[in-house]
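Quick mapping for you: the protein sequence lines, in order, are chains Z and S.
Counted the way full-length UniProt numbering counts, the first sequence spans residues 1 to 254.
Counted the way full-length UniProt numbering counts, the second sequence spans residues 1 to 564.
These aren't lab readings, by the way, just hints derived from the structure by calculation.
Treat the hints loosely; a few may be bogus.
Claimed, not checked - Listed below are the simulated DSBU-like cross-link pairs for lysine-lysine, each with C-alpha atoms no more than 30 Å apart in a straight line:
#	chain 1	residue 1	chain 2	residue 2
1	S	385	S	320
2	S	72	S	397
3	S	223	Z	214
4	Z	170	Z	19
5	Z	208	S	227
6	S	202	S	106
7	Z	208	S	222
8	S	227	Z	200
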Amino acid sequence: MNKKAIRIKAYQNMVNFKKPTSFQLKETYPLPPYSTIIGMVHVACGYSEYHEMQISVQGDHHSKINDLWTRYEFACTSFEKGRHQLKVPYSKYDKKSNSYKENELGITKGISTAELLVDLNLIIHIIPESQEEIEYIYNKIKYPDTYLSLGRWEDLVQINEIKIVNIEKKDLEEDFNLEHDAYIPVKNFEIGDISTNSTKYKINKDYKLQKIKKNVFIRKWNKIDVYHASKINTGIFEDSNIYLDEDNYFIFNA
Amino acid sequence: MLIISTIRLEMNDWLYNAGLVGLYNILNHSNASSLKKNNNGFEFDIEELDNFEEKYFEYFMDKYQYILPYNKFESLSNYLNNFEEKYFKENSEFIGDINDYIGLLKKKLTSNSYSNTYPLLKDLDIDFFEEGKKLKKIKFKKNDTDEEKLKVIKETVESLILINSKLKEKVVKKYLCSKDVIYNIINNFWNNISILHKQNNKNDHFLQFKNDFVDTTLNYLKKDISKAKYNCCVCDRKITKLSKPESFDLVWINKIGVDQNRKSSHFWNFNNTSYICPVCNLVYACVPAGFNNYYGKGIYINKNNNFKSLVESNNISFKKDEGIHSYFDLENFTYRNILNSLESVEINKKRLELENIQIIKFDKENSLRPYTFNILSKSMINVLKKEKKRLEFIINKYIKVSNDDYISLYDATINNLYNNSLLFNLINESMNIQFRNDGIIKDFLINLIYINNTFLNTKGERGMNEKLITMAKFKGEEFKQYYKQKNSENKINGITYKLLNSLKTKNKNLFLDTIINSYMYLGKEIPSIILECNKNVESLQTIGYAFILGIQSTKKENIDKGGN
């Protein structure tokens with residue numbers, strides 16, 4: 001059965017897709033991870049539970065720069081002079097006295113650096129698992145209730161084109177070079193189908209909540225091995241089995 | 001039974017990569033036979049981790065042998081031979097040198113880091129601490145005769161030779177030198193655990209390192225973890241528990257990890273998820289070996305398109321004859337390394353465009369933000385490549401601002417280029433300071449003008465032909481000669497001052513007015529090079545500064561004096 005996908009062509013001016021282990025300097029991935037895009041779609045659609053979907057990301061950025069940002073750090077602990085820069089009033093319900101207790105919480109405020117991608121052009125394919133959702137997602141992204149952002153909340157995304165496309169799995173008839181940088185999931189190709197000299201990432205896709213203590217949950221991520229394939233030195237060889245959309249864009253779905 | 005026999009590691013973010021480079025360097029240094037590089041990382045047999053603690057410290061001791069304090073004492077022994085002869089030949093200098101050594105030796109031998117180690121050196125028949133305490137700098141009394149003086153020196157030298165011979169012993173070197181490594185290099189990058197934990201500072205640091213890093217890794221690899229619930233946040237390996245020694249946090253890495261209890265807002269729903277497996281823990285412990293360090297400063301290039309080039313661009317030798325005498329040398333060597341690796345690639349792949357390459361500089365002095373991040377852009381690489389010689393030339397050039405304040409031209413230039421800003425402000429400031437201090441401007445500033453011009457050219461073709469700059473400087477020299485011929489040399493400084501100010505404010509009219517006035521006074525033709533100033537602001541400044549350098553040039557004068 002032929003599948004459909006929603007193809008978005010988007011532009012972002014300066015954007016950060018934070019790597020999970022970078023705290024002091026917010027480092028960025030070169031393209032938005034699957035989880036970030038899935039998050040955007042879910043926000044746009046107002047979904048509160050995970051709807052299975054596959055994503056393909058391609059895109060190019062012009063350069064990278066570092067910029068300052070204001071960092072707030074806190075753990076809902078009491079205000080301590082000398083340690084915290086900000087004081088926030090907070091009232092907590094006290095069971096014993098059956099009343100609210102006034103307290104002051106402390107927040108650390110400071111500066112830090114974030115890596116930003118400049119002039120990022122994106123081509124994103126969204127393939128929902130249940131194909132009936134296509135129209136709904138298409139409309140919600142085309143006419144969003146609130147502005148859409150990809151990356152940090154302030155990283156607006158400008159959608160230049162959105163289209164529902166038919167996608168089809170084909171055997172390539174000749175060798176192709178990539179036209180854009182892309183995340184290519186390692187498992188999508190057999191050895192010998194692709195030649196690339198690129199960095200490998202483990203990027204997040206979706207998560208399940210995992211209980212570690214009473215009332216304490218953490219997110220257990222489903223990570224996907226991808227090449228960040230650069231258009232300069234990546235070729236896909238003939239006979240590779242690959243998804244293409246009706247306008248002959250590659251789809252590297254994961 | 002071993003479940004995993006080969007460890008395969010893959011590149012990730014810059015810090016992890018630095019750790020990988022470090023681990024690779026250490027294993028490579030110990031001639032690990034099973035070590036294999038591939039595109040994304042490297043792999044090695046688990047047996048290579050036997051005695052890893054020794055390999056770890058050996059790597060540092062070998063690489064930094066000319067930097068670590070311990071090795072200064074070793075080199076002392078050559079100096080002590082034939083001391084009588086030396087004393088008579090270079091009297092005061094010899095005493096001064098010996099006294100310097102004594103000061104250093106005394107300080108180190110009685111230091112906490114060394115004295116905590118002495119109990120571990122069991123079979124030693126010398127008490128370093130006491131010997132260190134006893135050491136005194138050589139001082140003479142007023143009426144001492146040469147013989148008496150020699151006696152004093154002899155006594156001191158004898159005790160020095162004794163200490164020295166003991167210091168040279170293999171075990172002593174192993175323990176003391178590795179302490180230097182810990183407190184000079186490793187503690188810059190991580191702290192407060194294992195060998196750097198305050199409670200452990202009397203323990204055998206080799207054993208401590210083995211327990212905390214090597215054994216945990218080996219135990220982890222031997223365990224069956226197929227049913228483990230959690231995952232390492234870096235490499236996604238499975239982990240059984242979210243506590244030591246099954247998994248670790250990142251707080252111990254200086255200024256990288258966050259305090260999970262006080263700053264849990266970094267994590268989703270305030271629950272920390274950044275736990276790493278023992279293998280990654282070992283990799284992070286090797287971060288200091290990935291950086292190239294020079295007295296508290298370090299540099300690391302994250303050129304991560306493949307692992308081979310990553311290792312190559314960070315491979316710098318600190319051997320004595322390699323010529324690393326300052327941090328700037330180190331920086332320069334590093335850039336040369338990247339450039340060399342780029343050049344070899346470019347021949348193979350003409351289509352290759354330069355990727356952004358991340359440069360991480362480390363500075364111990366900057367306790368709040370020890371790491372600075374920069375990105376080596378295409379234009380920066382071009383400038384570095386084209387201006388290699390001129391940049392090397394300005395490495396040891398300083399502008400004296402006040403008695404204890406200097407501007408390092410190399411440092412300032414590189415910083416400006418990084419930040420993508422032109423060098424005109426630096427040129428003006430340097431000229432101004434030199435002009436105010438001595439009334440002359442040093443010739444080497446012309447290098448900055450050339451470098452800046454190349455930079456302009458790579459940015460947007462706003463620079464000019466280098467010949468024009470040379471010409472402008474020459475015309476300036478000529479200008480000065482005209483004034484001399486008219487016996488109005490005293491006017492030159494006033495004019496220079498005016499020109500400098502007009503360039504600083506980018507005031508073309510004032511600049512041209514001054515020049516036209518001067519040439520009218522001289523009754524000479526205005527050189528055509530001045531017309532170039534009309535093109536744009538950058539040309540005005542480039543030509544202007546070169547012209548001023550010519551006016552204030554000291555070169556011609558020297559020739560004149562020689563002639564007379």
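Results for each hint:
1. Under the criterion of a C-alpha separation no larger than 30 Å, the hint pairing residue 385(S) with residue 320(S) is consistent with the structure, at around 26 Å.
2. Only pairs whose Cα atoms come within 30 Å are accepted, and residue 72(S) paired with residue 397(S) is accepted, the gap being roughly 27 Å.
3. The straight-line distance between the Cα atoms of residue 223(S) and residue 214(Z) is roughly 27 Å, inside the 30 Å bound, and the hint therefore holds.
4. A threshold of 30 Å between alpha carbons decides the hint, and for residue 170(Z) with residue 19(Z) the separation of about 34 Å lies outside it, so the pair is violated.
5. Distance check on the hinted pair: residue 208(Z) and residue 227(S) sit about 17 Å apart at the alpha-carbon level, within 30 Å; holds.
6. With a C-alpha separation of about 20 Å, the suggested pair residue 202(S) and residue 106(S) falls inside the 30 Å cut-off, and the hint holds.
7. Distance check on the hinted pair: residue 208(Z) and residue 222(S) sit about 28 Å apart at the alpha-carbon level, within 30 Å; holds.
8. Among the hinted pairs, residue 227(S) with residue 200(Z) is consistent with the structure: their alpha-carbon atoms are about 26 Å apart, no more than 30 Å.
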